[in-house]
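K.L.:
Residues per chain are reported as follows:
Protein chains: 6
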Amino acid sequence: MNKRYINELSEGERVVTNFLVQSKQLLTTKAGKPYMSLILQDKTGSVAGRVWDNAAEFYDTFKNNDVIKVDATVELYNKELQLVIRRLRPSESDEIDLSDFLPCSSHDIEEMFLELCSYIESIENPYLKALLNSFFQEEGFVREFKAASAARNIHHVCVGGLLEHTLSTTRICEYLTTHYESLDADLLITMAILHDIGKVRELEISPSINYTEEGNLLGHIIIGIQMVDEKIENIPEFPSKLRMLVEHMILSHHGQSEWGSPRPPMFLEAEILHRADDLDVKVDIITRALARDRDPESPWTAYQKAIERILYKKPTYETDVSPEESPD
Amino acid sequence: MNKRYINELSEGERVVTNFLVQSKQLLTTKAGKPYMSLILQDKTGSVAGRVWDNAAEFYDTFKNNDVIKVDATVELYNKELQLVIRRLRPSESDEIDLSDFLPCSSHDIEEMFLELCSYIESIENPYLKALLNSFFQEEGFVREFKAASAARNIHHVCVGGLLEHTLSTTRICEYLTTHYESLDADLLITMAILHDIGKVRELEISPSINYTEEGNLLGHIIIGIQMVDEKIENIPEFPSKLRMLVEHMILSHHGQSEWGSPRPPMFLEAEILHRADDLDVKVDIITRALARDRDPESPWTAYQKAIERILYKKPTYETDVSPEESPD
Amino acid sequence: MNKRYINELSEGERVVTNFLVQSKQLLTTKAGKPYMSLILQDKTGSVAGRVWDNAAEFYDTFKNNDVIKVDATVELYNKELQLVIRRLRPSESDEIDLSDFLPCSSHDIEEMFLELCSYIESIENPYLKALLNSFFQEEGFVREFKAASAARNIHHVCVGGLLEHTLSTTRICEYLTTHYESLDADLLITMAILHDIGKVRELEISPSINYTEEGNLLGHIIIGIQMVDEKIENIPEFPSKLRMLVEHMILSHHGQSEWGSPRPPMFLEAEILHRADDLDVKVDIITRALARDRDPESPWTAYQKAIERILYKKPTYETDVSPEESPD
Amino acid sequence: MNKRYINELSEGERVVTNFLVQSKQLLTTKAGKPYMSLILQDKTGSVAGRVWDNAAEFYDTFKNNDVIKVDATVELYNKELQLVIRRLRPSESDEIDLSDFLPCSSHDIEEMFLELCSYIESIENPYLKALLNSFFQEEGFVREFKAASAARNIHHVCVGGLLEHTLSTTRICEYLTTHYESLDADLLITMAILHDIGKVRELEISPSINYTEEGNLLGHIIIGIQMVDEKIENIPEFPSKLRMLVEHMILSHHGQSEWGSPRPPMFLEAEILHRADDLDVKVDIITRALARDRDPESPWTAYQKAIERILYKKPTYETDVSPEESPD
Amino acid sequence: MNKRYINELSEGERVVTNFLVQSKQLLTTKAGKPYMSLILQDKTGSVAGRVWDNAAEFYDTFKNNDVIKVDATVELYNKELQLVIRRLRPSESDEIDLSDFLPCSSHDIEEMFLELCSYIESIENPYLKALLNSFFQEEGFVREFKAASAARNIHHVCVGGLLEHTLSTTRICEYLTTHYESLDADLLITMAILHDIGKVRELEISPSINYTEEGNLLGHIIIGIQMVDEKIENIPEFPSKLRMLVEHMILSHHGQSEWGSPRPPMFLEAEILHRADDLDVKVDIITRALARDRDPESPWTAYQKAIERILYKKPTYETDVSPEESPD
Amino acid sequence: MNKRYINELSEGERVVTNFLVQSKQLLTTKAGKPYMSLILQDKTGSVAGRVWDNAAEFYDTFKNNDVIKVDATVELYNKELQLVIRRLRPSESDEIDLSDFLPCSSHDIEEMFLELCSYIESIENPYLKALLNSFFQEEGFVREFKAASAARNIHHVCVGGLLEHTLSTTRICEYLTTHYESLDADLLITMAILHDIGKVRELEISPSINYTEEGNLLGHIIIGIQMVDEKIENIPEFPSKLRMLVEHMILSHHGQSEWGSPRPPMFLEAEILHRADDLDVKVDIITRALARDRDPESPWTAYQKAIERILYKKPTYETDVSPEESPD
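Protein chains in written order, with this note's numbering: chain A, 25 to 352; chain B, 25 to 352; chain C, 25 to 352; chain D, 25 to 352; chain E, 25 to 352; chain F, 25 to 352.
So that you can see chain A by itself, here it is in the shape it has in the complex (with noise of 0.2 angstroms):
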């Protein structure tokens, strides 16, 4: 059977197929008749649905994060898409590939792994390379890191988005060792894929993403730090300087004491790693909220909260733009 995903929608179609449930509600109009109101995701994103008629039977028929069949219309509701559903019900197993409904990252996940290994390879200071081999040579690490999101909603959040976040800031340091001088190459690229290392126990996709305890209690700057310590105890002679170092980089990586971190960068590859952490986390709440946008006649989006300001649709100036697109 076909899947038809959640990004190739439009208004006033009618749908038959299979979406995983991050949450169902069952509730009661204004009338005093009962509806459900769930949220659907696949791999390409998440919808909301409504049940109208027999919601309180079909309420009981499946979980959260089970995946169901539908047969739906698609409505536009307050500039989003919403799917009124006739009909459901759980899916058979052989229906379904699971891999269909996890959001996930739009580059591939074991390219982008062996381009980060390649930047392991590169490391020369023994210490920091064993350090990042007692993680990316343990299977286990490498299944969770691979599948971990960035974030819970603000950014890179899918399946191998901690591992794409990871990468670009990694790409990123990296131009930069070649770009300012006398920086510690090794200290910045090891720092950088470690950086976010807390996120694989901070977060978790069951599928749908969220916080854990320790998530919420810790933090994953905290439980990086922890990981980190963990290997650097098995790694000989691992020099107690160098330590501090790796510990602080986690622990400043935030920047300042408001958006997390106790302390502030206090060498210069602590406040670099800080900068292009930051730089690729804005640029993909940018072109995540360019993305989700739907309304193609106006030329703002609508008010971003995660950082506070409509963005501009900038029009394309290409040479041949022509003058009398300018107004008056």
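Heads up, some of the hints might be wrong.
For chains that are exact copies, the list does not tell them apart, and a pair is met inside one copy or across any two.
With a straight-line Cα cutoff of 25 angstroms, these simulated DSS-like cross-link-like pairs (lysine-lysine) come out [stated by the list, open to error]:
no.	residue 1	residue 2
1	Lys337	Lys153
2	Lys255	Lys265
3	Lys337	Lys87
4	Lys329	Lys170
In case anyone wonders, no lab produced these hints; they're calculated from the structure.
Dock chains B, C, D, E and F against chain A, hints included.
P.N.:
Just chains B, C, D, E and F now, with coordinates in the frame of chain A:
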């Protein structure tokens, strides 16, 4: 006669050489005796001077911005060097080369400028290219631009400092057009080159670096927009929307209103320009703070007010760092 | 046909009259039935409307900014009035007078403009007078200026609102030139007249009030400086220092960077202009909030987000207030 | 004997005249020798003094707040004048007139007070008039009020300063009752007169100006409410709601909690009082800063901490400004 | 008839019982049909109600603050319970006991009051004791004090809430007089008892809890000072410095100006009172948030706006916790 | 030989005794003559010293942290005492007892430690007890803990300061487990004891108190978590959720991110620990500020930067305060 430069002075030596007078002041000791306090500069930096004897007589023999020849002893005062001057006289014009007395970028100005021109060459959008050429093919502007400092203090404070910072920002932006997809490379590179252009009128080097009146009243962001507007007026058929983008990128390049930008960056190229600019400024602040430090015993610099922290003089970890260097 | 105005509506009545469509939206009730939500306006204000029956058919018969004739009942919803519309059709052009549908200053525009002109007359400084005349003797500008609103919401939101606010600010500044000594009255009054001039391009009334693209990207402060610069270019021998003062007073009139002025007022006239402007804005916000209030039982208005407080509907104490009106 | 005033001193002159001692300190030079540091004042300002010889002997011959006769030379120290005192002795009471030594409003106190009384006369509301009279018909209060300073430093720092600021605020408020419609003029004018009344107990002039203990512990806002409450207790049938308005206007006149008002102004008269008060304070700060400036070469004053900016010594543009005065 | 309390309701049950009407509103469904929305309360809490049929008729049969008898079904709506009411009528006065409908401290009011009196008994300073007695030996005040709530929402929101919070704060302060040396125990305990006394006039229970007019215009801090001042006026020879200390401790008990105290605590007893008060408030907020929570599946409460965080529903670790409860 | 302690010195006396050198600096007077500036300390405090004669020769005879014997006169300089030193020499080791030179808690360290141990004894949860014992039954740790200061300046700055602050916080927490219901007393008391444990590595006394490198780079919160983690690794079957609670309470004990805690306290015990800690710190700051004060004439201390206020030297009101002590 041999010039002895400020960055070569060491405690205890006697020097007989020329310096430019940044400022002079006639004061009275607590014992009621007049003495003179000076700030002297040459191309390698600046140093305080004191004249304890015959101060009043010496005081009237020269003006600010004159070059004088001093006979002095180098002493240590409050962790920094100062000159105790026995005798001084105005220098003869044939004794000196004015270029010896201006703090100057450590990079070759002509080479930097050539590289900047190659970026201009690469622009394909005819309007943006025309805009860049209207500045960089005008001899008077080019002369001012090459001579300008990027700031009064804080960062890139020297002749050529504006060029150095502009080139560095442009290089980073150029790299990012290869790193991130679908950026308007012409727009981003053009604005990297033009973002701080208002500084040629915000600051003056005379030869000490100060804000001009319009620099204080308007700031380089507004002046930069005015300069760009003036040029665009004379470029036929410059698209009015492109003009808004150009103006917005200057306006928003400080990132938020508290830092002087009444508008935040509202599209991706504006955000990236802001972050590339900010990164380059912060790297220069940290690099200068470490270079200024003269206390080899402490692993920490003095408190750096501009970035609100002390900095760690990070030890270098080469591959041959031996573990016994570690504490405990 | 008789127009019934929005500020005359009362709960329960039935109206058959014309309104301008500020916006329309076709939505779906929870029960899956389409309905239409409208914002309707006339010169006395705006009101929400709902069409519950045949919404889809009605939806296609008119566009935003059209005038429509409705047959509706006035109901109370969430402490405000709304129209439940049974029928509607586009109005014939001979049924309506467009001026009935624009929110409009409650003061006579021509009278206000005459008074403003008399302030211009009083200016003696020839450069400032030339600058004012270059605006106010240009017919196209005068038309736009008279029609402009001072804001999109918050304060002086109406045709003539900019003129009303400008005149009020000018009057206060004129008074203060008599109250405080040694002010440059010509400069202060000129800039009171010009301080918000950028709003004619920041906002558009079409006929609903919205930010233009340059309004969002640059803001009225920058646009105002550009407009003034353009005029000054054409005034022979306009003193360059006076130009800086003029530009600075526009730039600084919001008082501090957090409020959109990258420079604080740096001389007395600039400070006074900022405070006169701000006073007039705040008085209008409070006056409007009190006028909007429809809950006679509470001595307090709703929370006013723009000024972050609730307001007290102060009882009036005339000389004949009798003491028994006091509590307890 | 002729009194020479502080604002008449010029560098280099010798003076033999009387000053009041604001403070005295016996210190030791680095060479181990005792010297005395003094702050001297008269009605025109204050000046630093130094005694280099026989300091210990002179030190014991007078106390703070005594008037002494000095024989001194005027010198320039750190851009300000100071007195190097050779000899000094306590002044005889018949040599001096105490009023010569108090910093004093430049306006005539009795004239200002008469004008204030005319505003009181104009009040028609009998309760408010009774409240005003209960203060201003009490001889002791009037004496203190006329003598009070409006602040310890920052603004209106002088005998009569409170009266001067009160009158100026009242005039502006009176103007605004004509400018804006439907204000309760009696209430606004009454509270303009009473808003800072707590300052007569917050500050003491002895003859230097200092906070009292209750001034520090409670502040003039709370003290003002207490003073008003005490009077209202004795006005028969004073309406309790009017009392709340009166108290609220004192409480809220600093505008927001960060500036000492736990409540923001909650009705129009309170908002206007706050802004008229604030305007008058800021104008006085700027005027004083410009008057204090002694550096004719720079167009900028020193940094003014109270308003967080430097100020521009704006050139005056009379109608005859010739264009060649412009730069370039 | 049996009263069924709000904290006993469970989803799905049918209840026929009495509730007090906190507020009622007649609204229109999207389908144009009127319905009524109510907030009902009893001594155990509050709950939302909806009347879908015959809403308009029912609406006119009772007023806010009446007690009504409803026949309703308990449903779950948005994670909280609500009543869908079929029928309702005003309750007969002999059917109800008003005390059933006021939210009430879970501690015995008389017992708490007795304990508070024992603290008053312990005071030795005759002036402070007289001050306390002037309040707590006045029957009318005691009645109001026992009935008062400590806040409108946020913390200790109930009849007896002020007493409960006052007693808790007093106990903590009493403990701290034994923990820290050289505190003035009489002063600290007296002010712990009096610090929030202004709340008896800031809030009214009618029977829902609201700010009074003077509560909004002045706040309980100012009212508290006024109440204390009135009493002190009548205590012969009350030392004026002690009066300042008393007033200061009320004024500063919120700790800093942003939180409503124009003065920070300026001596040790004031600082300790502030912190004991704040601790007790925060503990109550957290305790209530945990008690309100109805979602047993999540270890986290909803976001708590008053303290800007989510809370962890910490598992209990008794000595017999077995290690296998740990994850992985 | 008799040691004369710093807190016993009085102006004018001559002392010949031993002090520890906290720092020494060779400077030049304005007259060009070298002199030495020293900070000397003993267990009762610290004092500045000056050597005016033969400074250079004396300078080379000792190092920082040596004990020297001085012959000096006590003088008053800028409201504080300083030593003018005529002669000095390094002390012989048999002349001195090192414990005389360390600032030391005024409480008996062993007694305090015994009390702390009794709290440890009282813990019933076996995992928490094992955790405490793993620290407090290790001799090396106990030695460091007893010797540690709680801060570099600000509060509890002395040998034993950490123990003193820890014990005080523990006592308060223990009291609060009796005051509030349903707290996990074992958890709260354990964490009161451990909350600042990272300070043994954040600070070093050598013998002056300074931040270590890891103290600056990581801070005591992170170090504390690392120390606890290391111990927990070796406690069999330590429940992983309990470990999270322990780590969270260290992490959150500064209350909010601006104060160094990336997470706010998320359950009741964490909130109470934060507030007990903060209370104890603030009480110590105020107590020290009052003790440091040497100006009996003013009722106010100097401005205390750490708590941003001046403090009132409150008069004591015993029952026998007579009313005539009141002002006026």
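K.L.:
For every hint, state whether the structure bears it out.
P.N.:
Taking the hints in turn, this is what the structure says about them:
1. Lys337 with Lys153: Between copies only: 23 angstroms across chains, 44 angstroms inside a chain, cut-off 25 angstroms.
2. Lys255 with Lys265: Result: close both inside a copy and across copies, 16 angstroms intra and 22 angstroms inter.
3. Lys337 with Lys87: between (40 angstroms within a copy, 24 angstroms between copies)
4. Lys329 with Lys170: Neither: 29 angstroms inside a chain and 36 angstroms across chains, both beyond 25 angstroms.
Violated hint: 4 only; the structure is consistent with all others.
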